Amino acid sequence: MGTESLTSIFLNAVLANNFVLAMFLGLCPFLGVSGKLSTAFPMGLATALVMLISSLCAYALNLILVQFDMEYLRLISYIAVIASAVQLVEMVMKKFSPALFRSLGIYLPLITTNCAILGLALFQTFREYNFAQSVTFSLGGGLGFTLAIVLMAALREKLDLVNVPTVTQGAALSLILGGLLSLAFMGFAGLGGGVG
Amino acid sequence: MTSRSSQAGNPSLELLMRGVWRDNPVFVMVLGMCPVLAVSNSVINALAMGLATLFVLVASGALISMVRHLIPKQVRIATFIVIIATFVTVVDYTIQAISLDLYNALGAFIQLIVVNCIILGQAESFASQNKLLPSIINGLGMGSGFTIALVCIGAVRELLGNGSLLGFDLLGPQFQPWVIMILPPGGFFVLGGWLLLFAWLRERKGEVRIISGGCGGH
Numbered sequence: 000m001g002t003e004s005l006t007s008i009f010l011n012a013v014l015a016n017n018f019v020l021a022m023f024l025g026l027c028p029f030l031g032v033s034g035k036l037s038t039a040f041p042m043g044l045a046t047a048l049v050m051l052i053s054s055l056c057a058y059a060l061n062l063i064l065v066q067f068d069m070e071y072l073r074l075i076s077y078i079a080v081i082a083s084a085v086q087l088v089e090m091v092m093k094k095f096s097p098a099l100f101r102s103l104g105i106y107l108p109l110i111t112t113n114c115a116i117l118g119l120a121l122f123q124t125f126r127e128y129n130f131a132q133s134v135t136f137s138l139g140g141g142l143g144f145t146l147a148i149v150l151m152a153a154l155r156e157k158l159d160l161v162n163v164p165t166v167t168q169g170a171a172l173s174l175i176l177g178g179l180l181s182l183a184f185m186g187f188a189g190l191g192g193g194v195g
Numbered sequence: 000m001t002s003r004s005s006q007a008g009n010p011s012l013e014l015l016m017r018g019v020w021r022d023n024p025v026f027v028m029v030l031g032m033c034p035v036l037a038v039s040n041s042v043i044n045a046l047a048m049g050l051a052t053l054f055v056l057v058a059s060g061a062l063i064s065m066v067r068h069l070i071p072k073q074v075r076i077a078t079f080i081v082i083i084a085t086f087v088t089v090v091d092y093t094i095q096a097i098s099l100d101l102y103n104a105l106g107a108f109i110q111l112i113v114v115n116c117i118i119l120g121q122a123e124s125f126a127s128q129n130k131l132l133p134s135i136i137n138g139l140g141m142g143s144g145f146t147i148a149l150v151c152i153g154a155v156r157e158l159l160g161n162g163s164l165l166g167f168d169l170l171g172p173q174f175q176p177w178v179i180m181i182l183p184p185g186g187f188f189v190l191g192g193w194l195l196l197f198a199w200l201r202e203r204k205g206e207v208r209i210i211s212g213g214c215g216g217h
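Residue numbers (numbering that gives the first Met the number 0), protein chains in the order written: chain A, 0 to 195; chain B, 0 to 217.
Looking at chain A on its own, in the form it has when it is part of the complex (with noise of 0.2 Å):
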């Protein structure tokens, strides 16, 4: 697992096994901030920025609990780091872009609480995926990760202005629309040559 090519994580992580609509990480956001694509894209890029710094700090971290074994220690560091890498974009952004800060609301905090970024780390942990691997890993996972909540946003969009029956409103339209998301998305499948 350890020799994977870097074209061939990449591929596997934005497109044939997405980490929202194929391995089922971050569907909280995922359904909950694709109301609208003006928040839905910020998020996004929010969140690729997020796990490419706690995939950094993960990949460290790890180096440095193998080295004194203590991997028991291994998932209460992680969200430790994550929950400070949270808080470390969120200052960031106040500082240069307020705008985009307010507009994100209570949203940034949130990101603590997404799956797909503590399963990046965890998930390059189990690889044993090495320092240049990690960083692809993350770029394409955030990647795929904004691409899935911004299709979402622009079909849940258009779906606003048409008129359907009333008991499908809501979570379930939502849901039987990532199905269709993702069935299409399942075409890429061996795109990226091999299982990720």
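Derived from the structure by calculation, the hints contain no laboratory data.
Predicted model, so just to flag it, every value in this text is computed and none were measured.
Every residue gets a Cβ at the ideal spot worked out from N, C-alpha and C, and that includes glycine.
Incorrect hints may have been included.
Listed next, the stretches of chain A that the computed footprint assigns to chain B, with coverage defined by at least 3 CB atoms under 8 Å from CB atoms of chain B [to be verified]: (1) 76-84; (2) 117-130; (3) 135-146.
Derived lysine-lysine pairs resembling DSBU-like cross-links, with alpha carbons at most 30 Å apart [claimed, not checked]: (4) A/157 to A/94; (5) A/94 to B/72; (6) B/204 to A/93.
Given the coordinates of chain A, work out where chain B should sit on it, guided by the hints.
Same frame as chain A, but now just chain B:
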């Protein structure tokens, strides 16, 4: 499981049923979707995941409720997460010791229980404000509701996608498995279907309208 209703009076039973039925975390509140869709491709996986989550809910709820006066308000979320992560690590190693097959089938999703919003939500909104016993009962209710929902989804997916239930072949050799049901899209479709069913039932019960038949007959 049957003895828990006898230990307390009526309000406790109501609290329990709230998690199981009225505020079911999956079917009503649509929380904690990631594990729901990811591991519900067979009944066994769904049941194991549900029970693991139940344990973490009850244990973390009990501990947080006991130390709730010691936690400073500013760092409460971080404290909750560390407490939850501790119990998840316990579950992780326990499942690894009991059944390695199950551990491999569930993969990273056992460790991802940490970021299940049901647990953090319960810690923040219930366990940190209530006494020990109500917190445990609330955890039991939410956990059972989560487990029941997972098994409902898992049963449909396993039956349609594999023709079996709990590993027993039910539909005979001439059944053509509807493979898409155990693949990722199936998870979305089956949960969407259940939500549709409940929405339809609610609408029928709530207000008897003429259009209800037309809406349900999709």
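Item to complete: Report the numbers of all earlier hints that the structure fails to satisfy, in ascending order.
Response: When the structure is compared with the hints, numbers 3, 4, 6 turn out to be violated.
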